[in-house]
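Visitor: Each chain, written out:
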Amino acid sequence: MRFNPTELSTSELALQTEVRQFLKTELAPGTHEPCLGMAARKDKPFSMKMAERGWVGMALPKAWGGSDRTAVDRFIVVEEMLRWGAPVGHHWVADRQTGSVILKFGTDEQRKRFLPAICRGELGFSIGMSEPDSGSDLASVSTKAERATGGWLINGTKIWTSGAHENDWFVCLLRTSSMEDGNKHAGLSQLLIDLQSDGLEISPIPFLDGSHHFNEVTFNDVFVPDENVVGDVGMGWHQNTTEMAYERGGPDRWLSPFSTIEQLLREAKDTPLEQSVQSLFGELIARYWGIRNLSLSVARLIDSGEAPTIESSLVKEMGTRFEQEVIEKLVQLIELEYSPDSHSLFERMLSQCIVTFPGNTIRGGTIEILRSVAAKGLQGLPV
Amino acid sequence: MTELIVDELITQTANRLFSEICSHEAIQNAETAGEAPEIWAAYTETGFPWISIDENLGGSGGTLLDALEVLRLIGYYAVPVPAAETGILGGWLLSEAGFQLPEGIVTVLPDQGPDLAIKVDGSQVSITGSAIRVPWARSAEIIAILFHDDGNNYVASVQASDCVITPMTNMAGEPRDTVRFDGVVSSYAEVSAAIDAQSFRLRGALSRVALMAGAIEKMSQLTVSYTNDRVQFGRPVARFQAVQQHLVWAAQDAALSRMAAESAGIEATRGNGAFETASAKLIANQAASRATKACHQAHGAMGMTQEYPLHHYSRRLWSWRKEYGGDAEWSQWIGQLAIAQGADGLYPLITGGSRVL
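Taken in sequence, the protein lines are chains A and B. Heads up, the first sequence stops at 419 in the working numbering, and the numbers go up one at a time, no gaps. Heads up, the second sequence stops at 470 in the working numbering, and the numbers go up one at a time, no gaps.
These aren't lab readings, by the way, just hints derived from the structure by calculation. Virtual Cβ for every residue (Gly too), placed ideally from N, Cα, C. Just to be clear, a hint being listed does not mean it is correct.
[To be verified] Just the calculated beta-carbon pair ranges, DEER-fashion:
{"hint": "1", "chain 1": "B", "residue 1": "Arg468", "chain 2": "A", "residue 2": "Ala64", "range": "23 to 31 Å"}
{"hint": "2", "chain 1": "A", "residue 1": "Gly395", "chain 2": "B", "residue 2": "Phe346", "range": "27 to 35 Å"}
{"hint": "3", "chain 1": "B", "residue 1": "Asp262", "chain 2": "A", "residue 2": "Pro308", "range": "33 to 41 Å"}
{"hint": "4", "chain 1": "B", "residue 1": "Asp262", "chain 2": "A", "residue 2": "Gly395", "range": "54 to 62 Å"}
{"hint": "5", "chain 1": "B", "residue 1": "Thr241", "chain 2": "A", "residue 2": "Leu372", "range": "52 to 60 Å"}
Just chain A, with the same shape it has in the complex (with noise of 0.2 Å):
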């Protein structure tokens, strides 16, 4: 395990600047409502004109409707879109992960269909792994793919999909043949479904304040053709966990309460904070510079070609839970009674985020999930 620091280059801290006065413009400070995190509203004309200026799916090669970025020139434009808190819900998984996955694994054809509509910023995709019987366990899943005539019928139910009745796409990790006896990473695959097919239900599974992210999925006799299997049937584990490498360590899993933090000095203006106050920017300002400094250099690792699972796994981990301690010493030192429908900006959020953040320790992988992965890295055993 090894964080390397590394800095911006000209042309990446140009890119810096450019997002920025795009920001600027398109969201200027006072006129929207900023977003926590990854957890944004999705606002598909907004998505589009980030497109157009190819930020989305950015690292995708251009013959792909790409711009042959990085993953760290992703990385700053990320960074900036979620610390202003902007509504990048529409686009954000398939920037993430799925268009990443659909060029590693997928055939040309896939490549052909999806790529280029995912970097025009179209496409909405949600991640079919959680089950009602297989979350930390993930290789328990058990909803089946099963052969039929030039595709599979699926059949079961998917959990916790976010965004499932909003979105046009479903990555799923399937069963398309039984566990073998010690070996239940075999006989998965990852299939991608359209979440208009027939057959297949979505629930709504009311948030813990009532808003509608959630949704339960059931597929009954839903038909896949076999052009929408990604890569090797049978490969879906080690996919799978691939995919898992581009969706932790990123600044999604640090950033969500930080246009909270400059709220609530946009509110404060000419007032003198007191010392207390003073100190916990301090020490706020400090770790979010470490740990953005880890961030980064994962990405740089990514770029370098290595897989840094570990080092991800040790960045999300602390990340997610130094959220919630942002949040916590919020709380103790703002003396407030907080309230979702206040005047103040600051309020509402601090509101949101006390409601929303126990689940940033818990999506994308428990944080106990984490550090087994991690520990097993640390001990240079098998992740």
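With chain A held as given, fit chain B onto it using these hints.
Guide: Just chain B now, kept in the frame of chain A:
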């Protein structure tokens, strides 16, 4: 911007030397004796103490970043020598003032209390009062003292033998002596305006950050290896999730403080890096607190013994986290700086650091 990297030969040589001369027993003996002349002698043969100091003044050349890499390894092996004091602190002050470096140990006054009076008298100064927690004063040849007088900054080069030294120690048994000056007369020379109390304090903090990053990494590695060897309930304790939590948290703090130390080192080598150094010290202080707790817990009773080496690192960290600024000092310093940037300037400060200030 040219990329700054450490000469790999320095890392290799330091690793080889320190693993040879710095056994568990050697560190323990140094603590009992209050000094380690043999280790110091072997260390000086490499020229390491004077890296980053001008060769014309008796230094070894090289960059500040190179010197910090040696300090990181000094921390990693708990080498019982005044490396920071002789090199990037004391050696730096003397060389900035144009003094030739002495052959022996140099030390500095980390906390210059108000009861120290330095009176300029022509070509000499006269010093009266006392200073506490002076590292290795008992073994030093020269005490380099930075002072301000009539709008200018100066460095006095004091013969340690002219002072009254009372041996004291820190939590790790490292010498932190009380030094009394009874009208000690010494030579002095002017340094540039940039070398003031704040830049000295930051440089002290930077030295501790490098040492701490090394010590936290070593503790983290010791913990991984101990929990793999220790078998309970029929399997290595490292297989238990509750123990894995400690391994992971310690590894994160090792990675975080090393990243902070190296990033701050790069900016400081370029000539600024105040924001980065302050942030790195705060990060390392907090990482030290968390990591010592995690590593001790994972070691169980064994970590509480003198026989097992964990304490060489944990006790040093408990001291170093308070030297050259604890959490309160640096969080306040960074907080005021950050708030002055305003809401829109906060993130640019995180990404751009000292360069946007």
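Visitor: Tell me if the beta carbons of B/Arg468 and A/Ala64 are separated by a distance inside 23 to 31 Å.
Guide: Given a distance of about 26 Å, which is inside 23 to 31 Å, the answer is holds.
Visitor: Between B/Asp262 and A/Gly395, does the beta-carbon spacing fit 54 to 62 Å?
Guide: holds (60 Å)
Visitor: Does the hinted range 27 to 35 Å hold for A/Gly395 and B/Phe346 at CB?
Guide: holds (33 Å)
Visitor: For the range 52 to 60 Å, tell me whether the beta carbons of B/Thr241 and A/Leu372 fit it or not.
Guide: holds (53 Å)
Visitor: Would you say the C-beta atoms of B/Asp262 and A/Pro308 sit inside 33 to 41 Å of each other?
Guide: holds (35 Å)
Figure legend: structure checked against the earlier numbered hints; every hint is met.
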